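Now for the letters of each chain:
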Amino acid sequence: MINILRLAFKNLTRYKRRSILTGLLIVLGVGAVIVFTGLSDSFKRLMIGQITDSMLSHLQVHKKGYVASIDNLPLNLNLSPTAYQRLAGMLKAEPALAGFAPRLKLGAMLSNFETTTAVRINGIDPEAENLVAPDLKDRVSGREPGQPLVGRGEILLPEVLARGLDLKPGSEVVVVATNQEGSVNGLPLKVGGVVASVMGPGGRDGYMHIDDAAALLRMNAPEISEVAVRLTDFDQLDQVAARLKAALGEFKNPKGMPMFELHTWADLAPFAHIARLIDLMTVFIKAILVAVVLISILNVMMMSVFERVREIGTLMAIGTTPAKVAQLFLAEGFILGLISSLAGAAVGVGTIAALNATKVSFLFGMGQQIVLAPTIGAGTVLAVCLIVIAVAALASLHPAMKASRLEPVEALRHV
Amino acid sequence: MDLVSLEHVGKTYRLGEVEISALTEVSLTVKEGAFACLVGPSGSGKTTILNLIGCLDQPSSGKVLVTGQDTSALGRREAAVFRGQHLGFVFQGFNLLPVLTVYENVEYPLLMIRHLPKAERGAAVTRVLEAVGIGDQRDKYPDQLSGGQRQRVAVARALVGKPALVLADEPTANLDHATAGMVIGLMKQMRDQFGTTFIFSTHDPRIVSQAETLYTLSDGRLVDVRAGQAGVKEADHD
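Residue numbers (the numbering used here), protein chains in the order written: chain A, 410 to 824; chain B, 250 to 487.
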């Protein structure tokens with residue numbers, strides 16, 4: 410086989426320009442796929458990180474039916490303190506969790522004493538929230554170092570709303586909300602900071618201490634709208650979610666129906682659809698690469714067979730079996746695919762390294778500077794190379810079979 | 250002993266609706282160690298006979314025996330294996346592989362077909378290259394050689410596997426007269442040195458004179474078999 414590969418390589422050098430042009434096409438294709446995959450994965454990872462680390466966290470548990478009505482922030486679908494305690498006990502027993510945080514969500518009116526507007530309030534436990542949304546504090550401006558995420562008597566306002574009402578850290582506001590029984594209550598608060606916008610739901614959310622939120626709603630003990638859950642390893646999301654779902658299924662309400670519902674970030678964030686679209690585009694780009702390799706190798710190998718008919722006849726005349734003739738042409742396609750894919754992988758990985766070195770950034774959302782840090786796994790590079798090599802060999806199959814089926818006497822007569 | 254035997258061989262080709270007869274009822278034998286020549290005008294059936302003896306084609310009727318084996322019904326693979334083991338070919342257009350050096354071209358049958366070890370290949374290739382007088386050209390590529398040198402390489406390639414029979418279809422057609430004479434002389438010398446049987450075809454009356462046995466063909470029929478001038482001279486000498 411090594412002799413066939415050696416002869417095949419020599420044959421490829423016969424038409425240098427053609428082989429180099431075909432190879433370059435594949436190099437560009439492989440390089441482009443690797444760079445695109447690296448960039449899209451990096452962008453996806455970055456966005457998912459933004460969404461989960463500064464807002465949603467990896468998983469959320471609600472009372473059954475809450476998510477279906479989440480836009481209304483229904484107070485009647487909160488978990489009772491007892492139900493939350495049961496849920497917390499179960500979550501504490503799960504070793505794959507980095508932490509969990511209760512949230513009390515409500516719709517309220519915010520006034521700067523001149524203008525009143527609606528606001529979505531998240532009552533949070535600052536310590537627990539830091540565990541499940543560690544980047545939230547980085548989105549908050551106007552806080553002193555060492556201060557908790559949000560203190561009692563403070564409210565963190567979304568920047569769109571703060572700008573609209575001309576509110577700054579230290580400004581005084583009043584928040585008015587109606588509780589489940591229909592009674593209205595107001596709470597004077599100081600603006601503790603401004604939260605930068607981020608993609609996805611919650612871009613207009615304000616935050617206050619969970620005890621203040623409970624007091625605003627005149628609850629004796631805080632009821633819980635949602636429990637945000639963060640995993641130690643994001644890659645284990647599907648397995649842990651399935652395990653938690655099974656465990657939550659054990660909790661039934663008095664009617665025997667499931668008490669909780671669990672959703673992953675992908676169920677809650679519209680970006681999940683974009684992420685799926687990016688995955689689809691990656692597949693599409695790979696399909697284009699396959700087509701490029703298939704057509705270019707098929708074309709070059711067919712030309713090679715047509716130009717070497719007489720030579721094929723000679724090889725057969727001096728005793729080369731049809732199978733070995735086929736192997737020779739298959740080997741030519743294989744070598745062209747192998748060398749081109751390795752060169753393409755080097756170009757792709759080199760481009761990714763160059764992008765990382767130059768720290769390419771772009772503006773995202775409300776003036777947020779995102780630095781692209783594309784990475785590509787060795788497995789992905791290997792998979793792309795293997796696909797190209799396999800397609801190259803496959804594309805050579807037809808010309809190889811055509812060559813092996815030539816009748817030597819006719820091939821020798823060919824001019 | 251007969252190395253080649255054709256018994257009532259016929260060959261017809263179909264050209265669309267028309268059936269063309271290339272050979273009709275040809276019977277001949279070629280003895281081991283012969284230096285035989287097929288002569289006749291274009292279209293007389295010389296190349297067809299060489300193709301049939303060389304297992305490159307199959308007869309429409311009759312039987313072809315080479316080294317005692319009936320090759321008339323060999324499959325494509327079996328025919329290739331048979332050619333690789335027993336036959337050598339010299340072509341009018343030399344048909345060397347342009348990407349291989351002289352040495353590699355001659356080595357090809359031993360490497361790719363016989364799968365001999367390197368040392369054995371090296372000894373055989375060197376011996377045959379020296380024998381045909383191009384040992385000093387071994388690292389050159391075919392396009393760096395003259396026509397005569399290329400045909401010497403082709404003869405070396407045909408002989409390197411020590412075949413029982415070498416078939417040469419108009420081996421001198423692309424060569425000037427002096428080179429043609431030299432190539433035929435070389436083939437004869439190789440026959441003497443290695444004991445290989447040679448069957449070649451030609452139009453050239455000056456080359457014909459080198460043959461020991463002449464098979465004359467006309468319109469696909471064998472019309473005459475006689476000793477050539479070389480054969481007559483040898484017989485006289487004996």
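These aren't lab readings, by the way, just hints derived from the structure by calculation.
A portion of the hints provided could be inaccurate.
[Said to hold, decoys possible] Calculated lysine-lysine pairs in the DSSO-like style (CA-CA distance at most 27 Å, straight line): (1) B:K437 <-> B:K280; (2) B:K437 <-> A:K733; (3) B:K280 <-> B:K411; (4) A:K501 <-> A:K546; (5) A:K546 <-> A:K453; (6) A:K419 <-> A:K811; (7) B:K437 <-> A:K419; (8) B:K389 <-> B:K437; (9) A:K654 <-> A:K453; (10) A:K695 <-> A:K577; (11) A:K811 <-> A:K733; (12) A:K733 <-> B:K280; (13) A:K768 <-> A:K425; (14) B:K389 <-> A:K425; (15) A:K733 <-> B:K411; (16) A:K501 <-> A:K695; (17) A:K419 <-> A:K733; (18) A:K419 <-> B:K312.
Since this is a predicted model, take the numbers as computed values, not measurements.
Hints and how they fare:
At most 27 Å may separate the alpha-carbon atoms for a hinted pair to count; K437 (chain B) and K280 (chain B) meet this at roughly 15 Å. Of the pairs offered as hints, the one joining K437 (chain B) and K733 (chain A) is violated, with about 33 Å between alpha carbons and a cut-off of 27 Å exceeded. For the hint linking K280 (chain B) to K411 (chain B), the alpha-carbon distance of about 17 Å falls within 27 Å, and the restraint holds. Only pairs whose Cα atoms come within 27 Å are accepted, and K501 (chain A) paired with K546 (chain A) is accepted, the gap being roughly 24 Å.
This hinted pair checks out: K546 (chain A) and K453 (chain A) have alpha carbons roughly 22 Å apart, not beyond 27 Å. Distance restraint check for K419 (chain A) and K811 (chain A): the Cα-Cα separation of roughly 21 Å lies within the 27 Å cut-off, and the hinted pair is therefore satisfied. Straight-line distance between C-alpha atoms of K437 (chain B) and K419 (chain A) comes to about 34 Å, which puts the hinted pair past the 27 Å bound. Our distance criterion of 27 Å between C-alpha atoms is met by K389 (chain B) and K437 (chain B), whose separation comes to about 25 Å.
Distance check on the hinted pair: K654 (chain A) and K453 (chain A) sit about 26 Å apart at the alpha-carbon level, within 27 Å; holds. In summary, the hint linking K695 (chain A) to K577 (chain A) is not supported, as the alpha carbons are separated by about 50 Å, beyond the 27 Å threshold. Our distance criterion of 27 Å between C-alpha atoms is met by K811 (chain A) and K733 (chain A), whose separation comes to about 13 Å. Taking the CA atoms of K733 (chain A) and K280 (chain B), the gap is near 33 Å; set against the 27 Å cutoff, the hint is violated.
Among the hinted pairs, K768 (chain A) with K425 (chain A) is inconsistent with the structure: their alpha-carbon atoms are about 38 Å apart, more than 27 Å. Under the criterion of a C-alpha separation no larger than 27 Å, the hint pairing K389 (chain B) with K425 (chain A) is consistent with the structure, at around 19 Å. The straight-line distance between the Cα atoms of K733 (chain A) and K411 (chain B) is roughly 22 Å, inside the 27 Å bound, and the hint therefore holds. For the proposed pair K501 (chain A) and K695 (chain A), the alpha carbon gap of about 43 Å is over 27 Å, so the pair is violated.
Restraint check: the Cα-Cα separation between K419 (chain A) and K733 (chain A) comes to about 16 Å, which is no more than 27 Å; the hinted pair holds. Restraint check for K419 (chain A) and K312 (chain B): the C-alpha separation of about 41 Å exceeds 27 Å, so the hint is violated.
In summary, the structure is inconsistent with hints 2, 7, 10, 12, 13, 16, 18 from the numbered list given earlier, while agreeing with the others.
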